[in-house]
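Construct the complete structure from the given sequences, taking the supplied hints into account.
Number of protein chains: 2
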Amino acid sequence: MNVTEYVKHLGQTATAATVYIGSASSAAKNAILATLAQLLRDETAAISAANKLDTDQAAKAGLSAAMMDRLTLTPDGISALARAVDEISALPDPVGKMGEMTVRPNGLRVGQMSIPLGVIAFIYESRPNVTIDAAALCLKSGNAVILRGGKEALNTNLALAKVIDAALAHHNCPPGAVQVINITDREVVEQLLKLEGTIDLLIPRGGESLIRYVNDNARVPVLKHYKGVCHVYIDKDADLAMGLDIAMNSKVHRPGVCNAAETLLVHADVADDFLPRFASLARDAGLKLRGCAQSLEIVPEGMTAATEADWGEEYLAMILAVKVVEDYAQAVAHIRQYGSDHTETIVTEDESAGLRFIGEVHSSLVLVNASTRFNDGGQLGMGAEIGISTSKLHAFGPMGIEHLTIKKHIAFGNGQVRE
Amino acid sequence: MNVTEYVKHLGQTATAATVYIGSASSAAKNAILATLAQLLRDETAAISAANKLDTDQAAKAGLSAAMMDRLTLTPDGISALARAVDEISALPDPVGKMGEMTVRPNGLRVGQMSIPLGVIAFIYESRPNVTIDAAALCLKSGNAVILRGGKEALNTNLALAKVIDAALAHHNCPPGAVQVINITDREVVEQLLKLEGTIDLLIPRGGESLIRYVNDNARVPVLKHYKGVCHVYIDKDADLAMGLDIAMNSKVHRPGVCNAAETLLVHADVADDFLPRFASLARDAGLKLRGCAQSLEIVPEGMTAATEADWGEEYLAMILAVKVVEDYAQAVAHIRQYGSDHTETIVTEDESAGLRFIGEVHSSLVLVNASTRFNDGGQLGMGAEIGISTSKLHAFGPMGIEHLTIKKHIAFGNGQVRE
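The listed protein sequences derive, respectively, from chains A and B. Counting from 294, one number per residue, gives the positions in the first sequence under the numbering used here. Counting from 294, one number per residue, gives the positions in the second sequence under the numbering used here.
Treat the hints as calculated values from the structure; they're not laboratory data. Hints may be right or wrong, so weigh each one.
Note that the list lumps identical chains together, so a pair holds whenever it fits in one copy or between two copies.
To be verified - For lysine-lysine, the following PhoX-like pairs were computed, each having C-alpha atoms within a straight-line distance of at most 25 Å:
| id | residue 1 | residue 2 |
| --- | --- | --- |
| 1 | 700 | 390 |
| 2 | 353 | 390 |
| 3 | 301 | 390 |
| 4 | 520 | 700 |
| 5 | 520 | 301 |
| 6 | 487 | 581 |
| 7 | 301 | 444 |
| 8 | 529 | 700 |
| 9 | 444 | 345 |
| 10 | 455 | 345 |
| 11 | 353 | 581 |
| 12 | 455 | 301 |
None of these values were measured; they are calculated from a predicted model.
Written out as structure tokens, the structure is:
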């Protein structure tokens, strides 16, 4: 079988499985997930051994420490994965929900019902826990899923696939419900992107170049986010102590993730007071600052000069751009020009400024007086997330299990026809 | 300015306009729409004259009668367009809606708020009324829109653009809120499809080849539907008189549209009774039938033999494929194999069969005992529609004004940070 035939076969097998998984009861789906969680625990040694093959190879190939960290799956990590499966199982079933039915003037009763999307494909890089998270989320939402992990994680993914297959087989679920691609040929991705009419949604997770490649070549619907250039704006009426807390937490709590702040905007009225205190905290935390001319005047030491490129930069590191703005309007204009529609927060005691910011800034999460780090499905009460979308289509912000469904229209009549 | 620069400029002008139109009040948007409706009425003669240029040229070029019909805008048609604008103005404003706010354990109050998508592009073929419908729907939902009509309708579209521009200018709305592309160069479409990061949604309306071209080449998000291969299934427990009504209405009420039925499935238990009566009605209506072997046995005359290709065909004409199925399961399997996820109806007096059909068939509208012709935003109570999506993403079925918005997440805190 060549790659084209292989990928076509994956698609057909997935489509065939949607008939079963798409109408499986919550109990049936939860039973599969319970077995999956149990098997992950039972097979910890085998999965660890497979992961060691991957990490050994990666070490030989000289992968970066960050990449190694993403690739490594410890026994604790496997146990956390099993817990995540249990948590997904405990989520309400998103399929089959019906809202209110309304009656049209001709007596037709119309409404909507949530159904699975159908066949979902994930293309992701080294982190092998996506294999289990995505499988569990798709099963729970009644979708068939095709998983294409990074080549560095192939052994781990195949070990995880064995566990998934066993869980499906134990409950007589068609194996097409979850398929892990077992060849690393790049052409597989190319072919997946062309499976129009078969793949209902493709979700790429990984670096910007992967996501851009997918977006530029896909003929199937794609949900994605490129980057998070998130802003903290300290308003003139901010509680400055709160501002220090929120700015520091937004940046240094976990600097390598998409909801970490990348630019701090400070209202000119409070900059003289705020910036020296912030610079001192930054110095203690090992955070490097790149300031505008006015910031540099206020904090002449411990800050380097920002260039135009800094304002749009997603550092994902212990670096923060700092800019003094003349007023609220300039802060919002700056966010519009350089932001990525991901997450922005305003720190202010002026309620009307907070409400105005919420109304005028159109990012996937807009906050008043809280850290940007809350842009996360779990933190917002949505349960497990499959990613954070910055596309303003279908999902904007954390994509939860609900976003793996869509509403179809339904209608009950007693002979209605169009006049 | 070359085409690339021209299209880039369109995008920048549209983006700039989103700041105004995206936060305009309902009153401000409705005032623009009222002026637009009035100007359409006032300028009926000028618009008609421009349309005559287009129809004269089309007649010379030998366009088909169907195309001529789509292209022609009579004074009555212009009056209907003005009424449509008034109706869109009367719809509830979809922007700024907030659902329930919930409180997280840390005290953060979280919720969602609907916002415009931003910049929408429409690419459509000869029908010039889309120019006004799309402009009005986008304005009402706070979006900027770029409109690319068919080259056959250029004069009409430019006359309509003049009216739109005047309505915007009268209310000091930036002209970038609605831009009608005034050159017919094909490269414009190519460039529009690449305006990633600027166009939030592109909607193609037209023939299958246009939509396929857009889908295969777009780097911006696209919502589309290819075709409607809609089914009427006459169950063994059908009220046959109702079945005759629904099958005929689904097919002949307006055979050239996407929600018209293309295949009739009849349960074997009732085929002997139903099919001769249906064939007689079809003959009277001038409807041609293409039957399976079993249908041909029952109705030996007035029906030709269907081939495999007929089952997936969107005739958009007075032709209907007819197939006898052994049971309910075979009907659903046939729809799964050959349907286009658009619209299917079951005719049955057995309530459980109806509910099962509603649950198991995942088309954008699934009906019990009613005509497929109800798959329409107006008929389903959603107000004006911008198209019918068969993509299971963002919108599945009629796309109403709500689908030109997305929900962002919002959060109010008092200093919350991630631990």
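Against the structure, the hints:
1. 700 / 390: So residue 700 and residue 390 pass the 25 Å test inside a copy (9 Å) and across (20 Å) alike.
2. 353 / 390: neither (51 Å within a copy, 55 Å between copies)
3. 301 / 390: neither (32 Å within a copy, 43 Å between copies)
4. 520 / 700: Answer is between; shortest inter-copy Cα gap is 19 Å, intra-copy 29 Å.
5. 520 / 301: Between copies only: 22 Å across chains, 32 Å inside a chain, cut-off 25 Å.
6. 487 / 581: Neither way: residue 487 and residue 581 sit 44 Å apart in one copy and 37 Å across, limit 25 Å.
7. 301 / 444: Within one copy only: 21 Å inside, 38 Å across.
8. 529 / 700: neither (44 Å within a copy, 29 Å between copies)
9. 444 / 345: Within one copy only: 14 Å inside a chain, 62 Å across chains, cut-off 25 Å.
10. 455 / 345: For residue 455 and residue 345, only the intra-copy Cα distance (17 Å) is at most 25 Å; the inter-copy one is 68 Å.
11. 353 / 581: Neither, since 32 Å and 70 Å both go past 25 Å.
12. 455 / 301: Close inside one copy (22 Å), not across copies (50 Å); limit 25 Å.
The earlier numbered hints that this structure contradicts are 2, 3, 6, 8 and 11.
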